[in-house]
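Engineer: Sequence:
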Amino acid sequence: MVADTVTEEEIMGVLRGVIDPELGSNIVELGMAKGAKVSGDGEVVVKIALTTAGCPLRAQIQRDTKTRIASLPGVTKVSIDWTELSAEEKAATMSIARKNAADRAPETAIPATARILAIASGKGGVGKSSVTANLAVALAAQGRSVGVIDADIWGFSIPRMLGLDGRLGGGTDGERAVIEPLSMPVPSGDDAEPGRLDVVSMGFLVEDEESALLWRGLMLNRAVQHFLEDVAWADDLEYLLIDMPPGTGDVAMGLARMIPRAEMLVVTTPATGAQKVAARAVSMARKSHLRVAGIIENMSVFVAPDGQRFELFGSGGGQALADEAGVELVGRIPIEPEVSAGGDSGEPVALRPGSPAAEMFIEIAKRIVDDIAPPVEMESCTARMFDLVDAALADYDAANEG
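The sequence shown runs 65 to 466 under the numbering used here.
It is worth saying that the hints were derived from the structure and are not from the lab.
There may be inaccurate statements among the hints.
[Said to hold, decoys possible] With a straight-line cut-off of 16 Å between C-alpha atoms, the simulated EDC-like cross-links for lysine to aspartate or glutamate are:
#, residue 1, residue 2
1, K98, E73
2, K351, D314
3, K98, E74
4, K111, E72
5, K163, E244
6, K98, D145
The whole structure should be built from the sequences, with the hints applied where relevant.
Structural biologist: Here it is as structure tokens:
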């Protein structure tokens, strides 16, 4: 039966990616996820206790919980049984939140409200970095605050594709040394405020783009860890895109461990061979309890000036992978010389609307905001007001002393 493929352990694993945006920790660690039941037909009922029954962040937690559990194979329906933490449980939850805040937990400097999208592929050469660069500028062109981590340490190419040149700066945050990312404004339409793009890459640390990095696993993971822990990401960061290295090696596994709330977009080409290899990235994400947010098919078709369509790399790979993974095919990006030329010149095609490829990048960015990974809309929740919680717990303690 399908239920045999889904366990409570797997469900609790993916729930570690659901973050209470105000407390900054996942709902499993905070003791808010109380367990799950799986029926024989794959229906999952998960019990979640909120800090306060009327917490405005309930909708955000509900959406993240349902999308992550629904991404597990064999799950047919997800329901949530809501309850409220007891006074003692609230005390324990707030104690964990305080400790994490003191220890700078979660283990990264990424704001808890930022949506993290890892752009992955099973192999190189499918245009993963090009997709990352164009989606980043397409999101920023909506007036949003966007960050990019070039985690392809050996094969860094994001600086060139975004037209950024320079060195990462340094600063301090209290007594802690931090890395200052390179920033660029991205114009928005309709005279709106420009968006902002903050980028970190090994390309900003080497002498030139042709320099080879002769690093192995531990050094690679340490470099990525610095990008996660020590970069002075903006407090209002809404999206962080990570250009993953191809395959399922040390860096990919390390990222999954360090940022369990990340969601993965897998890039493939229409070729069957590429689709089969990309399936390994999906498998790695699932084994690491990451949500697979969707599939992007790159280099899908070439349309000649006379309108003839040429499927140079085959057809159907993206849809086949999406069907196999049980997720959506969120976009099919056509082959256009302008995409490659824009990457070489540092002028991403997504900043020049009009061509089919540019419009597809813009459409995928809109889908990310509207459906795939909507931004976290912060509202005040009394659970975050530590002084009020302290007063309530003091009253509770006084009542029980008698």
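Engineer: All hints, please: hold or fail.
Structural biologist: Checked hints:
1. With a C-alpha separation of about 12 Å, the suggested pair K98 and E73 falls inside the 16 Å cut-off, and the hint holds.
2. The hinted pair formed by K351 and D314 meets the criterion: a straight-line CA distance of about 14 Å does not exceed 16 Å.
3. With a CA separation close to 14 Å, the supplied pair K98 and E74 stays within the 16 Å bound.
4. With a C-alpha separation of about 12 Å, the suggested pairing of K111 with E72 holds against the 16 Å cut-off.
5. Distance restraint check for K163 and E244: the Cα-Cα separation of roughly 26 Å exceeds the 16 Å cut-off, and the hinted pair is therefore not satisfied.
6. Pair hint K98 plus D145 holds up; C-alpha atoms about 10 Å apart against a cutoff of 16 Å.
Taken one by one, the earlier hints fail for this structure only at number 5.
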